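Going down the list, the sequences are from chains A and B. Under this note's numbering, the residues of the first sequence are numbered 98 to 412, in order. Under this note's numbering, the residues of the second sequence are numbered 27 to 298, in order.
Be a bit skeptical, because a hint or two may be false.
As the list claims (entries may be wrong) - DSS-like, lysine-lysine: derived pairs with alpha carbons at most 25 Å apart:
| hint | chain 1 | residue 1 | chain 2 | residue 2 |
| --- | --- | --- | --- | --- |
| 1 | A | LYS196 | B | LYS52 |
| 2 | A | LYS196 | B | LYS55 |
| 3 | A | LYS216 | B | LYS241 |
| 4 | A | LYS196 | A | LYS233 |
| 5 | A | LYS233 | B | LYS55 |
| 6 | B | LYS55 | B | LYS45 |
Claimed, not checked - If you want the footprint, here are the derived chain A segments under chain B, 3+ residues with CB under 8 Å:
| hint | stretch |
| --- | --- |
| 7 | 211 to 218 |
| 8 | 243 to 257 |
Hints are computed from structural coordinates only; laboratory data are not their basis. Remember, it's a predicted structure, so these values are computed and weren't measured experimentally. Where is the CB? At the ideal position from N, CA and C, for every residue including glycine.
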Amino acid sequence: MIATLQETKKAGHGGAVIASLHRASKNFGEVQALRRVDFGVRAGELVALLGPNGAGKTTAVKLLLGLAKPTAGTVSVFGGDPIEAEVRTRIGAMLQVAKVPETLRVSEHIDLFSSYYPKPLLLAETLALAGLQEIKNREFGELSGGQRQRVLFALALCGDPDILFLDEPTVGLDVESRRQLWEEIRKLIARGKTVLLTTHYLEEADALADRVVVINRGEIIAEGTPAQIKAGTVGRRIRCVSSLDIETVRALPGVIEVRRHRDGLEIRAAEAEPILRELLMRDPKLSGLDVSSAGLEEAFLVLTQDRRDAREMTR
Amino acid sequence: MATASTTFAPGPWERPLAKTLAIYFKEAKYEFLTRLRLRAYSLSTILFPLMFYVLFGLVLNQKDAAVGGTTITTYLIPTYGAFGVMGASLFGTASGLAAERGLGWLQVKRASPMPPFAYFTAKVAIGVIFSTIVVLLLLLLGVTFGGVHMPLLDAAKLVGILVAGSLPFCAMGLAIGYFVGPNSAVATINLIYLPLSFCSGLWVPIMFLPHLMQKIAHLLPPYHLAQLALGVVGAGQHESSLAHWEALIGFFLICLGVARLGFQRDEGKMYG
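Excised from the complex, chain B in its bound form (with noise of 0.2 Å):
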């Protein structure tokens, strides 16, 4: 405890580039072990997409159903696939998120030399392994018990697509963690979630809608998703797949926009 210590070595610091990836690694792999003994989070997220499937796909339908020349149980995975992303998403960043920031454990970190970017980056992480995860077991299920045959690479394409897929939803996540309680965060996922959903034809194929919601569809982020996903089956509106990848990119950059602005605001309230 000399004087020496209580200066600094000249020039700016810099946590070495080896160091920073460990912690982004690490602050990773622990935000993945709390919410996988989380059970609310990881069983209700990876289960309640599998179930519609069981339900509706397998148990409910005769094996020859088809919808516009794609039989079912092929047409059920990439639409339970989104849904499927779209909670393991929402649920994997917003309801940690506003916990965390409203109940002081996010000024604990804040507070630790900790990269704080660390810490986003492990919350999306999150979200896209455990969409990746649903998604691999409802192809699973489908190859398996739902006579489902895909190529391979449709397979891998598809998977691509559905996980690729989670990043918008996953900012939409932070910003709606920035700006919901505590307490009212799973309260407020499934208000939108679950409408967003029907809305976007993720439960009953969009053509079954009356025409006004087909229409509507088409302003929601989750009918992109899947129908890019539907593409891969040969099952889409056949509408340009690039007019859904560009809606899907505006809704990510919205998203994170707002959640930088929740961000700042947090920082201003911290910091201000």
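Okay, chain A solo, but in the shape it has when bound (with noise of 0.2 Å):
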């Protein structure tokens, strides 16, 4: 179900790679960070490189941005090394930091970082596109853990760069921040940008990109759309109350599985469409029809455990 590589690249944007790891691996002594890791970004598109913690995603985006050197294999951003000042120019990086100079306002941080770059934002524009207009002179300590997020956006996106390396954008933030955070991701998109975040929340990955890379344990293990990658694990749920019998249900093609649930059933299958043309007519007095994409999350854990299991839970 989940595609390969090379199909990926056949579906997707047609722009060229300006962001590649090719066989790369990083040790941290004993510990392998990340093995012969093959991937990359093409021009326009927003990948979310999901996994769990310690999974090797800011290992990863680090390479990227030549903040690490590969033990092994070669990272490229623009043909060059993310090293080069003249490929940073072109690069917006948000990364998780523990404490930011909290004494400097909000347009300060921005003019700084905009002098860094040779054709940055106007500062106006910086404030609106992460949302800051009406805190732009407060301190950066006075300022809540949404506000700080997009004051680290803004930090990214303020050099106007081509490709921005969001590290766990949203990680910690409450459910309103996350979602205007994701707004302002989308406003980057629509300005032609090209955007890798990193994610350990698949409704994230889910809600903003165009492909979504699998990593865990320094590998990758799955790459698609979101919905291939869903599809890929436990697919979409149905849930109805039918009188139809539950070995007939489980006969029809695509189902993966079908459960009791209260006084209704639960079907779990790869497409939700072919299954509910054939409940319907089936059973004309069906009722109660819920359909949602499967449990998310509980997908994302199929995912990411030992890929053997994994093939187990899904036969």
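Starting from the two chains in their separate frames, assemble the complex, guided by the hints.
In structure tokens, the structure reads:
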């Protein structure tokens, strides 16, 4: 179900690969943070690097930013090495940071970072894009968690870079702040930017990404559109109250699993539509229909478990 | 986002010099604002030496008391000046660097196209600027309330020496900032700074210290800075000022070397 790299390339955006890891490994002492990872980000797409904590997401971003050197393999951003200042002028980065100088105002932080880039956005543009107009004169230390993340986001975009690397941009944010940041990330894509973000929320990858790369224990374990990723694991969940026999439903093509759920049925399937057609045709009295993407977090759990386990669970 | 944009124009890229200078300036300007608004830094580094001067120079002292022919109020300007310079330089560089290095902020800056040396230059600039402020305020206090008389040229010389003397201590601060954790920086600096000041004769005039301590003081950089400054008001130990300069420059180079080791160690961690 999960598309191979080649298939995704054919199906995906037409842009050229502008940032890539090629057989990149990274060891920290005994720990292998990344193992021969291959992946690329194409111009204009939003790729989510999805994985649990400690999967190697941040390491991958650090390699792409030139903040760490691969133990083996190569890193290429805009055809060069991201250590070069010239490459860096085309990159924006939002990293996880424990402490930011708290006595500088929002607009001052942005002014300073803008000065590093050859053609930065106007301060007003950056403030608008990150939704900071009303707090531009506040000191960083006075801001809420969501506002702080938006300032870091503003620092990533103020230089008008072609590609942005956002490492866990919404970690620790409440639902509202998270959605607000999502909106702002979408605005970037609308402006023709390329974005690679890391997240451990499948929901976030689903809401934003054109393509999802699932990483666990330093290896890429799945890659595809959000829909493909979900379908490849547990697919869609259909709930309904029906008089149909559970065995009959199980025999329908495409059904993965059927079980009783309260007074109705719960059906898991790769795709919902063909099954719905069958169900409605066979049982005109069918009621209480509910179709959802089967437990996103559950799908993610399945994906990130040991691959052998994952195979057993999906079969 | 055409394919053309994925390759470079031929030839190495360089930021125009004016632009680079503008970045250095902005980096220093915002570092200054950051530190100025950080009361823990700005108030303590400026007020402590002034407070000591007021206490021991102006309040607890008869106007005619003298150290070897120099009035106390005059004598204490070079010594508390050196004390203030040390504090402003060490705290201005080490605590910020240790915190920003340890808590991820330096990495955010390193991921940007910031010229790396703009960051360090800004830290040093702040040490120098706050040192200048401390020394000027001390002079102002002395002249206004302490009956200090000093030819303008001597005053300028005194300020010049003390401000130049902030450089080795800024380098020391950078070295410390690279080798201490974000939370232990302030404690570490105090542990070095306060005993060093005392043993160098910055609190109690050096000749009032036991003979052995006077000998040891020759090994301490602040002693040499204080002696150079005291020389301006004719209250030095009458040693060769060249030797004092040599000691300070040697110390400066050693600290730069250690800071450089720390920088390389960090880069190794980041890039290795």
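Exercise. Is the straight-line distance between the alpha-carbon of LYS196 (chain A) and that of LYS55 (chain B) 25 Å or less?
Worked result: 20 Å, holds
Exercise. Given the hint that LYS55 (chain B) pairs with LYS45 (chain B), does the C-alpha gap stay at or below 25 Å?
Worked result: This hinted pair holds, its Cα atoms lying about 15 Å apart.
For this session: Take a quick look at whether LYS233 (chain A) and LYS55 (chain B) sit within 25 Å of each other, Cα to Cα.
Result: With a Cα-Cα distance of about 18 Å, the restraint between LYS233 (chain A) and LYS55 (chain B) holds, given a limit of 25 Å.
Exercise. For the pair supplied as a hint, LYS216 (chain A) and LYS241 (chain B), is the alpha-carbon distance within the 25 Å limit?
Worked result: 59 Å, violated
Exercise. Under the criterion that the straight-line Cα-Cα distance not exceed 25 Å, is the pair LYS196 (chain A), LYS233 (chain A) satisfied?
Worked result: 19 Å, holds
Exercise. With a cut-off of 8 Å between beta carbons, are at least three residues of the stretch 243 to 257 of chain A near chain B?
Worked result: holds (count 3)
Exercise. Between LYS196 (chain A) and LYS52 (chain B), is the straight-line Cα distance small enough, at 25 Å or below?
Worked result: Holds, because 21 Å separates the two Cα atoms, which is no more than 25 Å.
Exercise. Are three or more residues of the stretch 211 to 218 of chain A within 8 Å, CB to CB, of chain B?
Worked result: holds (count 4)
Going down the numbered hints, you'll see the structure goes against just number 3.
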